[in-house]
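2 protein chains.
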Amino acid sequence: MSLKLTVLGCHSATPRVNANPTSQFLEIKNHHFLIDCGEGTQVQLRRYNVKFSKIKHIFISHLHGDHVFGLVGLISTFRLLNRESELHVYGPKGIKEMITLQLKLSNSWTHYPLLFHELSSKEPELIFEDEKVEVHTIPLDHRVYTNGFLFKEKLGERKLNMNAVFNHKEIEICDYQNLKNGRDFILKNGTTIKNKELTLDPSPVKSYAFCSDTSYFPEIIPQIKQVTALYHEATFLNDKENLATITKHSTAKQAATIAQNAEVKNLVIGHFSGRYKNKELFLTEAKSFFKNTILAEEGKTFVFE
Amino acid sequence: MSLKLTVLGCHSATPRVNANPTSQFLEIKNHHFLIDCGEGTQVQLRRYNVKFSKIKHIFISHLHGDHVFGLVGLISTFRLLNRESELHVYGPKGIKEMITLQLKLSNSWTHYPLLFHELSSKEPELIFEDEKVEVHTIPLDHRVYTNGFLFKEKLGERKLNMNAVFNHKEIEICDYQNLKNGRDFILKNGTTIKNKELTLDPSPVKSYAFCSDTSYFPEIIPQIKQVTALYHEATFLNDKENLATITKHSTAKQAATIAQNAEVKNLVIGHFSGRYKNKELFLTEAKSFFKNTILAEEGKTFVFE
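Which chain is which? The protein sequence lines are A and B, in order.
Using the working numbering, you'd call the opening residue of the first sequence number 1 and step up by one each time.
Using the working numbering, you'd call the opening residue of the second sequence number 1 and step up by one each time.
To be clear, the hints were calculated from the coordinates, so they are not data collected in a lab.
Check before you lean on any hint, since a few could be wrong.
Since the list gives no way to pick out one identical chain from another, each pair is judged satisfied if it fits inside one copy or across any two copies.
Stated by the list, open to error - Taking lysine-lysine pairs in the PhoX-like style, the calculated list, with each CA pair at most 25 Å apart, reads:
{"#": "1", "residue 1": "K277", "residue 2": "K93"}
{"#": "2", "residue 1": "K169", "residue 2": "K225"}
{"#": "3", "residue 1": "K122", "residue 2": "K277"}
{"#": "4", "residue 1": "K277", "residue 2": "K132"}
{"#": "5", "residue 1": "K287", "residue 2": "K225"}
{"#": "6", "residue 1": "K104", "residue 2": "K93"}
{"#": "7", "residue 1": "K51", "residue 2": "K277"}
{"#": "8", "residue 1": "K287", "residue 2": "K93"}
{"#": "9", "residue 1": "K196", "residue 2": "K159"}
{"#": "10", "residue 1": "K248", "residue 2": "K104"}
{"#": "11", "residue 1": "K279", "residue 2": "K169"}
{"#": "12", "residue 1": "K122", "residue 2": "K104"}
{"#": "13", "residue 1": "K265", "residue 2": "K194"}
{"#": "14", "residue 1": "K291", "residue 2": "K51"}
{"#": "15", "residue 1": "K132", "residue 2": "K29"}
{"#": "16", "residue 1": "K287", "residue 2": "K159"}
{"#": "17", "residue 1": "K54", "residue 2": "K225"}
{"#": "18", "residue 1": "K265", "residue 2": "K54"}
{"#": "19", "residue 1": "K194", "residue 2": "K225"}
{"#": "20", "residue 1": "K279", "residue 2": "K54"}
The shape of chain A in the complex, shown without the other chains:
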């Protein structure tokens, strides 16, 4: 199964015509995750025909407006659409008060269960887990408390090597699950057949790391090592490295350097400053340090096989 990322907004600071603030829709193992929710995200979800009623988990990196000001509107729209299923919001401490105050003042509390999971740890945390997927925070370095998020498929069960299995008449269908779970098989004569002789490795797991907003912060490298895809902010080009340092953002070169050192398979860059008209300059700069770089683009869906 593929990892599917739809970019809803990939620009920094203020929303403009055809330049939306950060939001992404991630499909992984039948989960539909929304990451960040700048103003206008709900319209972007409609514009790109994203089935947003499927979203059950929203992850907010930090409380700067261009990452969160669209959240209360989306929550309210779910109410108007008669949503019934739970909605989980993960974000920095304060996000619950921010949203609930607005719902209270507009006298429009949700009819569906709205559950907040407030984050305050400066260490990576496992914040979501089921049988298929895990989500961990990636503490970042920005002007306010900020987390990236690491979405990881869990390793599936081993696959039966049917040719090998059929060689042993004693192995029956009811034994298959034990083999998938990694257990050896013991013949009636007492001989042990090693699991490895009967099964194949499970499909390799895919993973997605979302890292925005952040200064150049190599501390994240061990956590994002060899991920299938890394989204790393690249607000500036290298000519504004000084400004990136002051504002705790990154340059395209820095994003690519992180990708290179973390040996990720693909790098997506975004969060472009409005000062640059030609986005290709970001791609050129990043590619000279990390070849497998692609530009985030609003409405574009990337499939990582």
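Knowing the structure of chain A, use the given hints to seat chain B on it.
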């Protein structure tokens, strides 16, 4: 001078592609007023090239999301654009806490003076006044505390009737201001010349009444009597009058009935429910009760001479 109204959003409930929630930009006597500020308003201001740095006063009718969720983003954008001049926000009690909490949590307090004028009276109030314009609240009947706003030019000074003035050699330039102020002129022989013989009436004043959201509420009629233009919400057609009553909204027929009974010069209707695809039905219904009706339309500027 004309009264100029630019419609930024005229749809109800959730923002959709090409259907924005309520916001209007009003130009009256060199004032630039923003009325309501649903999500996406700042992008609409850019889309229609409204010089939004000129806005100094924002009037918020009520705290439902489709009238206010764009406000915090606009306030933040003014900060990023290095605004220095004062910004005044008029709206229901609670609006200050709603905005300041978000600015606090995003650690992005404005560098410019941001002044809130919270409203809670159920009677009409004069909330803004200078030498040219007055703004009054128009208490409305909706599910939460809501005010419309009445924007009124002040009566200017009388105009000199130069033919009459020149007939009296004794009247000098230094007397003109007294005449404009309405004073009679006394000749040296003691004869009084009535001001009316020397001056003409000032230009008639123009006025604009914004009334949204509200149920059918004839109590507003005395306050909006004979205004130059009335914006009245028309969320539903007459076939959904029952739904209008329950949700405390109005039908096109009811908006037109208010306009007719208030003898206004022009009626603009908007706040259309997304259930109706054909907006012309609103116009047809309203026009059969009040001929001078026009449909609000996003990006459209109406000039009332």
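Do the hints match the structure? See the list:
no. : hint         : in the structure
1   : K277 to K93  : neither (35 Å within a copy, 42 Å between copies)
2   : K169 to K225 : neither (43 Å within a copy, 95 Å between copies)
3   : K122 to K277 : neither (36 Å within a copy, 50 Å between copies)
4   : K277 to K132 : neither (41 Å within a copy, 43 Å between copies)
5   : K287 to K225 : within (19 Å within a copy, 67 Å between copies)
6   : K104 to K93  : both (19 Å within a copy, 12 Å between copies)
7   : K51 to K277  : between (31 Å within a copy, 22 Å between copies)
8   : K287 to K93  : neither (37 Å within a copy, 53 Å between copies)
9   : K196 to K159 : within (10 Å within a copy, 102 Å between copies)
10  : K248 to K104 : between (34 Å within a copy, 19 Å between copies)
11  : K279 to K169 : neither (62 Å within a copy, 73 Å between copies)
12  : K122 to K104 : between (31 Å within a copy, 20 Å between copies)
13  : K265 to K194 : neither (33 Å within a copy, 91 Å between copies)
14  : K291 to K51  : neither (33 Å within a copy, 43 Å between copies)
15  : K132 to K29  : within (7 Å within a copy, 63 Å between copies)
16  : K287 to K159 : neither (37 Å within a copy, 71 Å between copies)
17  : K54 to K225  : neither (30 Å within a copy, 50 Å between copies)
18  : K265 to K54  : neither (28 Å within a copy, 49 Å between copies)
19  : K194 to K225 : neither (31 Å within a copy, 92 Å between copies)
20  : K279 to K54  : neither (32 Å within a copy, 31 Å between copies)
When the structure is compared with the earlier hints, violations turn up for hints 1, 2, 3, 4, 8, 11, 13, 14, 16, 17, 18, 19 and 20 and for no others.
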